[in-house]
Each structure stands twice: as C-alpha cells, then as structure tokens.
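Two chains, two frames, a set of hints: combine them into the complex.
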Amino acid sequence: MLKLNNIEVVYDRTILVLHGVSLEVPKGQIVALLGANGAGKSTTLKAISGVLKPERGEIIAGSIDFNGVRIDHREPAEIVKLGISQVMEGRRVFEHLTAEENLIAGAHTRHDRRQIRQDLELVYGYFPRLAERRHVKAGYLSGGEQQMLAIGRGLMSRPKLMLLDEPSLGLAPLLVEEIFEIVLRLNQEEDVTVLLVEQNAAMALSIAHHGYIMENGRIVLDGPAEVLRNNEDIKEFYLGLSEVGVRKSYRDVKHYRRRKRWLS
Amino acid sequence: MEFFFDLVTNGLLVGLTYALVALGFVLIYKATSVINFAQGDLVMFAGYAAAVMLGMRGMPVWLMALVLAVGMVVLGFVIERGILRPLVGQPVIAVIMVTIGLSFVLQGLVAILWGASTRDLPLPVRMEPYILGPVFLSPINLVAAVIAIVFLIAFGLFFTRSRLGVAMRAVADDQQAAMVIGIKVPRVFALSWAIAGLAAAAGGVIWGNMLGVDTFLALVGLKVFPVVILGGLDSIAGAIIGGLILGAVESLAAGYLDPYVGGGTKDFIPYVLMILVLFVRPYGFFGHETIERV
Ligand SMILES: Nc1ncnc2c1ncn2[C@@H]1O[C@H](COP(=O)(O)OP(=O)(O)O)[C@@H](O)[C@H]1O
Ligand SMILES: [Mg+2]
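Protein chains in written order, with the numbering used here: chain A, 1 to 264; chain B, 265 to 558.
Listed below are several chain A residues computed to face chain B (Cβ distance under 7 Å; list not exhaustive):
#1 Gln86
#2 Arg92
#3 Phe94
#4 Glu95
#5 His108
#6 Thr109
In case anyone wonders, no lab produced these hints; they're calculated from the structure. Positions of the beta carbon are idealized from the N, C-alpha and C atoms, including for glycine.
Only chain B is shown next, with the shape it has when bound in the complex (with noise of 0.2 Å):
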C-alpha cells in the first residue's frame, strides 16, 4: 500500500507537467481549430535551448528561464505568423501535414544547430527523496509540480480576469461573433501559439532535467496526445485532469508492471489508455461540452 502511495503521488506531480503542456495544445485547437501534431518537438527545441545556455560559462538558472520563456513565446508567434496565417481557410489536412512537417523541421534544426548527442540540462535541485511519512518525493517532481501549479494558475487568472484572456474564450466560442465586436482574431490566434510555446518551455526544462536532452524528448512531449484525447480535445479542465490520471497510471504500471516486462511500460501505457478511451469516450471525459438549454 506504501508503494502504491508513492506511485501515485509523484505519479500525480510529474502528471500536472503533462497538464500544462497539453494545455498549451488545447489553446491552440480551442482558438483555431488546429491540432498541433509539434507539440512534442517544441518542448524538445526548449529542452535543448535550455541545456545549451545551461553549458554556457556563468549563465545562471534564472537568466536561462527568462531568456527561454521569452524566445519560446516569439518563436510560437512567428509559427503562428509564418505558416499557420497563410494557410487559413484551408483543408484540415492540410493544416495537420503542415504541423507535421513543422515538427521534422525542428528536430533538424536541433541536429544541425546543436548536434545529437544526449545534454545534460542541470538544475539546483537536491537529489535525496524528502520522506513524507510513507511517501518518498523526489524533489524535482515536486519543483515541477511547484512550477507547473504556477504557470496553470497564471493562465486560469488570465482567462477568467483579463480582457484579452476572456478575449481568446470568445474567439473559441464563436469567431465571427467575436469579429464583429472588434475582437483581432490573428492577434488572438498568434497568442494561443505564444502560450503554447511557454508550456512548451516549461516541460523542455522539466523533462530536459529528468531525462537528458535529445530528440526522445519529442516522444515525452507526444503524450499530450493520450493526455487530450483522455480529458476531452477542447477542454482546459480535461486537459488538467487528463495529464493527472496519465502521471499517475503511467507510474503505477512502471511501479508494478516493469519489473516483471524489463521496463519501458511509461512509454506504451498512455498509448493503451488512450486506445481504451477511444473506444469508449470519442470526445473524451470533458471535451465537446455543447450546451443544450431545457
């Protein structure tokens, strides 16, 4: 049973990390209707940005973060300005083989700007577990937590109280309407990008940490997909509970299942749930919530 907690717990911590990057990807579906198949290599392009200032002499953690978080929020801007503007009112498919295209694109860059061997990405966090009782928490889940508790606040705040925030609820909610009330959709679409990429930027750092920065981040960034598709693709509430019941099946199975299989069951497990809820659920738990008055 103490085993049991403990996965759950820190399975629960690194889950609010998915949360918050599958948030990043449910703004941009809300607000454009775009799936955005980079996700992934975003937060793998942050992973290596991050790790690449952290080898520069004398760069301390927090200039990295400001810098990142900054350079991660223009380049979602110019994605969204450079190849998603032009496209639109085109074909869905058309849109989705452009943001698969954009991630081959990204994952190249990485190679030829910072080559493809694995990089550390060091933070000053201490590595002995902190023993709650029966639960052993290992402090990097809870800096992740910490931080991926702050960046989803910051952006519930700036949905529900500022005006640009309510903005971009009203451009998912209809977009002509918003139009006519003078609402910039462009502007609005560029934002949910931006946002994306400081989502982005956080997973890059956390995970970057956990496991060593090369190209396999984009595949950690890839379960944004089980994540959304679990909690509902336009749900905001769904992406958060999607990413907490993924961080807490995923290390269950590995708690349990891997010693028996030899390991590697966080890899697939999402991918079954994900099957599983497809099956069930199309919209997901939350997604597709149309209000039907009585």
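Bound conformation, chain A alone (with noise of 0.2 Å):
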C-alpha cells in the first residue's frame, strides 16, 4: 500500500536526517517504526504527509508511492485527500476549538455533510469520553483525552492509513493500553492500515504485524514482530539499559554481542 523507497531528507539544505530510509506497509496491516529520540521517526512520516515546508525540510531523493502513485512533492491536502492521515507527535489538538470542532475540522477535506455526520458518531462511538466533553476546548482536555481527540480528528478524513507518531507518549501505562486496544480495533474493525511510530517498543510490537527499526536516519532492522519479540538484540536494547547501565543503541550492542563471541 505504501512504499518509501531509498528516502532522503534534509532540514535547512543542510542537515541530513534521513540516510535513504526504505520501508513498505502492506494493505490492512499494522507497521511499527522503532527507534530512539533523534532517530528520524517523525521525519519519515512528515515526509509521507509533506509537511516538511513549515520546518524548512525537503525530501532530496528517493520516492514515495501510496497505492501506486507517487506523493513525494505533493501538497498536504492532495495526500489526505488520497487517504493518508497524520496524527502528530505531541497530540497537536486545536486548543481553541472545542473536541467537536477539532473533528469537524479533521473533515475538511470531505464534503458529504450527512457522512460527516456519521463519522462524528463513529468516533465517539470509540471514544465515548469525547462525546461527553465534545462541547469543552481542547486546550482544557486530559492528555489522555487529547491523544483520543488528535486520533479522531485523523479518522475523520476517512483514511486508508493512518501514521501515528508516537500516540502513548506522556500516558499513564492504563491509557495507553486502552490507545493501543483502539488503535487495534480500527485495524480490524475500519480496516485501516496504520505506521505506527513508538518508543515503547514492547507495546507497539505486541498489535504490530511487522516492525522496522531506526537509527541514525537508517532501517538497521526489520521483521515480522514476533521474531523482533523474541529477538535479544532488541529486547537489551529496549530494556534499554546494558550491563555497564548506559543506553546503548542496537548497533552498539550487535558489536558487543559480537566482541563478547570473540573473547569467549
């Protein structure tokens, strides 16, 4: 459904970001991308939306393509249009409009009024706490309630897919299982395909199918997620912490691994 072949991006015409980042998410699957602060997560999916402009980024190679066309070098608005749906990393939520203007707004692209409608049930269909503070400003919601709002305000476009960036950050572990749980029933239950973009690795692979692994700017790893599961390269590296206690990336631990065979 979406390919990202060979991607580069720069900030400022200077900064290289993203080192030709390859990845493909197959129709009606869950997609994890993985890494840690700095990897260039939420810089891949600013490039599949296009919203790279604002922050003076640039995708100088490589290319994108949604269901067999190319949306690099499109306008935002063309590739919601398409299908695709962003929910940014941070929540993001109008704070002056009330939960019910925040979806409105995350319509406006759509036309059909009565549809529009529905679709405003069918989120608070998922997310009934909204339905009860659909009248209160955003700015005055709970975290929680926020993250709940920045997802429905991406499913009111109606997408294909969605890129979650990072949608458990800041949430107390319950509310982030209840994310998860929602995001996996839109999954199976919407049939929407989704990138999601985490840092608790453990959560994201246990509804991901697939999972990619990002470092620097580049895929080091892939597979499906029960094979990341049970793979120890990942699980020390997202325990996080290695024997000396610093944190240590997946390539620093695949060298250890690798000196540890050789003393041995």
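In structure tokens:
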C-alpha cells in the first residue's frame, strides 16, 4: 500500500536527517517503526504526509508510492484526500476549538455532510469520553483525552492509512493500553492500515504485524513482530540498559555481542 | 451627567467601527502572524474608491457598496498572493517592512489615480440628531453602528458555524497540525486578507462620510493599533471590546478636553491610552490567551 524507496531528507538545506530510508506498509497491517529519540521517525512520517516545508525540510532523493501513485512532492491536502492521515507527535489538538470543532476540522477535505455526521458518531463510539466532552475547548481536556481527540480528528478524513506518531507519549500505562486497543480495533473493524511510530517498543510490537528499527536516519533491522519480540538484541536494546548501565544503540549491542563471542 | 451619557453613547457607536477594522487586523495577525501596518491605508483606499464611485452620475449607493465590497476582497487576495506569499518563512522584520511599503504604495496610488484633494462621500443619511431622552444620537453614528454590528455578527457566525471559519481558527491555533488534516493553509492566509479588505471597506465608507476622504483617512485607520494593543493582538473579542473602549474614551476626551486645549484630543488620546496599556499589560487585556490545564 505504502512504499518508501531510499528517501533522503534534509533540514535547512544542510542537515541530512534521513539517509535513504526504505520501508513498506502492506494493506490491512499495523507496521511499527521503532527507534530512539532523534532517530528520524517523525521526519519519516512528515515526509510521507508532505509537511516538511514549514520546518524548512525537504525530500532530496528517493520516492514514496501510495497505492501505485507517487506522493512525494505533493501538497499535504492532496495526500490527505488520497487517504493518508497523520496524527502528529505531541497530540497537537486545536486548543481554542471545542473537541467537536476539532473533529469537524478533521473532515475538512470531505463534503458529504451526512457522511461527516455519521463519522462523528463513529468517533464518539470509539471514544465515548469525547462525546461527553464534545463542547469543551480541547485545551482543557486531559492528556489522554487529547490523544483520543487527535486520533479521532485523524479518522474524520476517513483514511485508508493512518500514521501515528508516539500516541503513548506522556500517558499513564493504563491509558496507553486503552489507546493501543482502539488502534487495533480500528485496524480490524474499520480496515485502517497503520504505520505506528513508537519508543514504547514492547507495546507497539504487541499489536503490530511487522516492525522496522531505525537508527540515525537509517533502517537497521526489520522483521515480523513476533520475531522482533523474541530477538535478543532488541530485547537488550529496548530494555534500555546494557550491563554497564548505559543506554546502547542497537549497533553497539550487536558489536558488543560479537566481541563477547570473540572473547569467549 | 447628560453630556457624559451623550458622549459615551456616541463614542461607543463610533467604537464599533474601530472594532470592525481592528478585527480585520487581528484576523491577519492570528492566521499569518503578520502585523499589517497597511490596514489604515486599506481603509483610506476603500474611502477613495467609494467617493469616486459615488461621484459618478447615476451610481446608486447599493451598487457602490457591492462593487466596493467585492473590489476590496479581491484587493486583499491580490496583496496576499502578490507580496506576502513570496515572503513566507522570511524574517518577521522583512514582512513588517513590506506592509509599511505597501502602506506608502497605496497612498501614492490614490494620489496618482484620484488626486490629493479632499472628496465628499455623501450617504443618504439625515443630518438632524435623534433625541432619545438625554441623549442626542447622530444618525450617521447609528448607521455606522448597525453596519458594524451586522458585519461582526456575520463574521462571528462564519467563524463558529461554517467549516471554512472553523478551519481558519484551526490554522490560527496550529498551522502544521492544520496542514496534516488537509486544510490548505495558503488559502486561509488569502482569506484572512480578503476579510481584512472587507472590514476596511466598511471603515472607509463610514469614516469617509464623517470626515471627508483624503490621505488623512489612513490615520484614522491607524487607530487599530491602540485598539488591538488594548484588546490584545490575537483576540477577536479583544478587538471588539478594545474598539468600544477606545471609542468611548476618545469621545469623552474630545467632549471634556477639547474646549480647553482647542481641539484635536481625539487624534492623540488613543495613543496615550495605548502607551499606558503597554506599561501595565504588554499583551493587552485579552491577548495571548494560552490555555493551561490544571
Ligand atoms: N525542523 C528541524 N530542523 C533541523 N533539524 C531537525 C528538525 N526536526 C528534526 N531535526 C533533527 O532530525 C533528527 C530526527 O528528528 P525526528 O525525526 O524528530 O526524530 P524522532 O521522531 O525519531 O525522535 C534529529 O536529530 C533532530 O534534531
Ligand atoms: Mg519524533
């Protein structure tokens, strides 16, 4: 469904952040994109949805295909219309708009009023708490409610593919579980394909079909989720701490293990 | 006391027009972060265009209003497209300088097109005041207030009821987040300039009628600055309340102080007020409303 082919992105015409990223998201799946802070995950999503420009970022090489159509260098509104919807990191709700106005803004690219009404009810069905708080300004919602609103707003364009950027960020574990459950349901019941960016790897791999690991702007490993879940290196990397108590990168881990094998 | 009520009432009526023109300014600032120093000149330009059209034989007022409204909307679009969009992403100071440049270009343009002499802008409104108990209401002030209220209500409905209006507020809140849901941000920028043009059209006709049309009209338009400093650069409600307060204050000042100083207080009192406000509340009384959750 979505295919990135050797994408390179620079910011400010100078800082190369993505060094040739290739990945694929098959229709109907949940694909996790994992990696430490600063790896380039958000940049990858922004490249797909075409919103690098306000940050003075630019795709300088590679191609992005969505259902056989090239979408790099298209306007964000066109990309939304083609069926891609990004939920940005940090929720980014419109604080001075009510929850319901946020959702209505989410349907901006669509015109069938009756259909929009129905989808509003659909979102309220998945997130009953938003229904209760529909007339509250989004700035006054709790962090969890704001995340739900951000996802609901993304749904209002009726996407075929959703790009979720760290939906678990800053939320209590119980809420994270609730949100991941809903993402899974959206995938199964509404047939929404998902590209899920997370630092919470264990959680992400528990609902994903496939996973990619990103480091310093490169994909360093990928595989089916259950394989990654059982991969010792990943476990070590994502448990976060190596034996000396320093957070290691996946590469360091590999290097270290190799050395260990050598020594023994 | 009767004199006081009289001054306040007429001041508030005038203040509604300030509110309307300031609203145009605030919209641009909210949506695009551009401080538009040419808002007063848009008012002046609209005043000239209106006076010239009314000077043509057989031109009815309603037709003039229609042509002017459409023309000013188009002018707003053209300004945004032609000189502001190419500057997106450039330093703020560059953008500010461009609006100042635009201000002088507009002044030069009217002088070339229509000459510098003062023109009348006659409206079919009676001269004798309505007497309401102790208060003498000037009919043109009433007409101005009605026009301003109609516009303000229309804008209010637009922003809360229409999807395009909601999208404009969304862009004002978070541009990038608006982009990823498919809102065409450049279109919203253009629209905010168009609305500012429309608000300036109303201001130009009203003040042009009261004061006559020449380049000084731009100075009246510049009173949006005290208004928005009072209310807050980024607050629509602030623009309205700021306009009302300014209208009342300058009317009181003119009524009570002019006899002693020989007139002209209206022209500087707003700025005294502005400086005072800046001392106490640099963001105005309603501006910079950041929501903090508890
Ligand atoms: N607007 C920007 N301008 C310059 N550098 C940026 C910008 N946004 C991100 N970067 C840099 O690009 C790298 C990747 O960032 P990002 O994609 O946000 O990573 P992640 O989402 O994986 O944490 C980081 O080193 C970051 O500092
Ligand atoms: Mg990120």
